[in-house]
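Model the full structure from these sequences, guided by the hints.
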Amino acid sequence: MFEDDYYKILRIREFEIRRSLLADLVVRMGFEGRWSYYEFKERYLQDFGAYLEVAAQQVVPSEPTDKKEKLWKTVSEELNKMDVILNARAAQR
Amino acid sequence: MQEIFWAEGKCITFSVQEAFKGPVMESFECYRSDQEASLWTYVKNDAGDIFLSPPVVLNPLLLKLDQTDRGLFFVRYYLGSNIPVLYHARFGKWAEDDLAILRTHQAAGGESFESVWQEQQRQQQLQAAQEAVEFKMFEDDYYKILRIREFEIRRSLLADLVKGGC
Numbered sequence: 001m002f003e004d005d006y007y008k009i010l011r012i013r014e015f016e017i018r019r020s021l022l023a024d025l026v027v028r029m030g031f032e033g034r035w036s037y038y039e040f041k042e043r044y045l046q047d048f049g050a051y052l053e054v055a056a057q058q059v060v061p062s063e064p065t066d067k068k069e070k071l072w073k074t075v076s077e078e079l080n081k082m083d084v085i086l087n088a089r090a091a092q093r
Numbered sequence: 094m095q096e097i098f099w100a101e102g103k104c105i106t107f108s109v110q111e112a113f114k115g116p117v118m119e120s121f122e123c124y125r126s127d128q129e130a131s132l133w134t135y136v137k138n139d140a141g142d143i144f145l146s147p148p149v150v151l152n153p154l155l156l157k158l159d160q161t162d163r164g165l166f167f168v169r170y171y172l173g174s175n176i177p178v179l180y181h182a183r184f185g186k187w188a189e190d191d192l193a194i195l196r197t198h199q200a201a202g203g204e205s206f207e208s209v210w211q212e213q214q215r216q217q218q219l220q221a222a223q224e225a226v227e228f229k230m231f232e233d234d235y236y237k238i239l240r241i242r243e244f245e246i247r248r249s250l251l252a253d254l255v256k257g258g259c
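Protein chains in written order, with my numbering: chain A, 1 to 93; chain B, 94 to 259.
Wrong hints could be hidden among the right ones.
[What the hints assert, rightly or not] Listed below are several chain B residues computed to face chain A (Cβ distance under 10 Å; list not exhaustive):
hint, residue
1, GLU129
2, ASP162
3, LYS186
4, ALA225
5, ARG248
Just so you know, the hints here were simulated from the structure itself, not pulled from any lab data.
All values reported here derive from a predicted model rather than from experimental measurement.
We put the beta carbon where it would ideally sit given N, CA and C, even for glycine.
Dropping the structure here:
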């Protein structure tokens, strides 16, 4: 039991470290908060909306094409998954 | 040869925020011509030269103009006349990009547009190279963080194995 508790504590620490490193990475990349499709879509419409109106086959892309923004999206998804784990743990208590 | 009638032509009034060519005005009027897919314009200059200008296909953006539209609009005289016509428009990010280069050109005084454009291209290439280096660093950091998780999983599996073996 003590050993199990010990490993649990270690895992919590590593989880927290990873979470904090990912959150820090988002800030270092110059982004604020997590990537959201809604905000991406709004931005896209503001930048290129006029061109979408005249080309019927053109639609808002489902994900960013910019490499840095793609990484922001990936990191944000990882953080979202961690939130789910945290919430599940909190519910178990 | 025949006279042109723009049955669907429109007179458009613009409020000007920034002008990059011609006299500075608070507002001005120009026209949106009709689509002229089969019409060759007859032009004659002061020297007596005569030529036919090929049909002009209107940019679809110009057909969808709305009162609330803000953008960068390009106006010129209709060939062989002094009628100002709208022939191109840029909106959103592409308008901002064009505005940036036009502002730089205006601030540069006598410098040619070509050299201003080339300098901007050079700056953009430098910036892209710098961003690529920066991105590689961020990507490496991300994979390092992922490896922490793999380490955590591996250790947990090993711990389970040790327990299972006891």
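Hint check:
1. GLU129: 19 Å, violated
2. ASP162: ASP162(B) check passes; min Cβ-Cβ to chain A is 7 Å, inside 10 Å.
3. LYS186: Where the cut-off is 10 Å and the nearest Cβ of chain A is about 4 Å from LYS186(B), the hint holds.
4. ALA225: 8 Å, holds
5. ARG248: The hint holds - ARG248(B) has a Cβ within 10 Å of chain A, the shortest such distance being about 8 Å.
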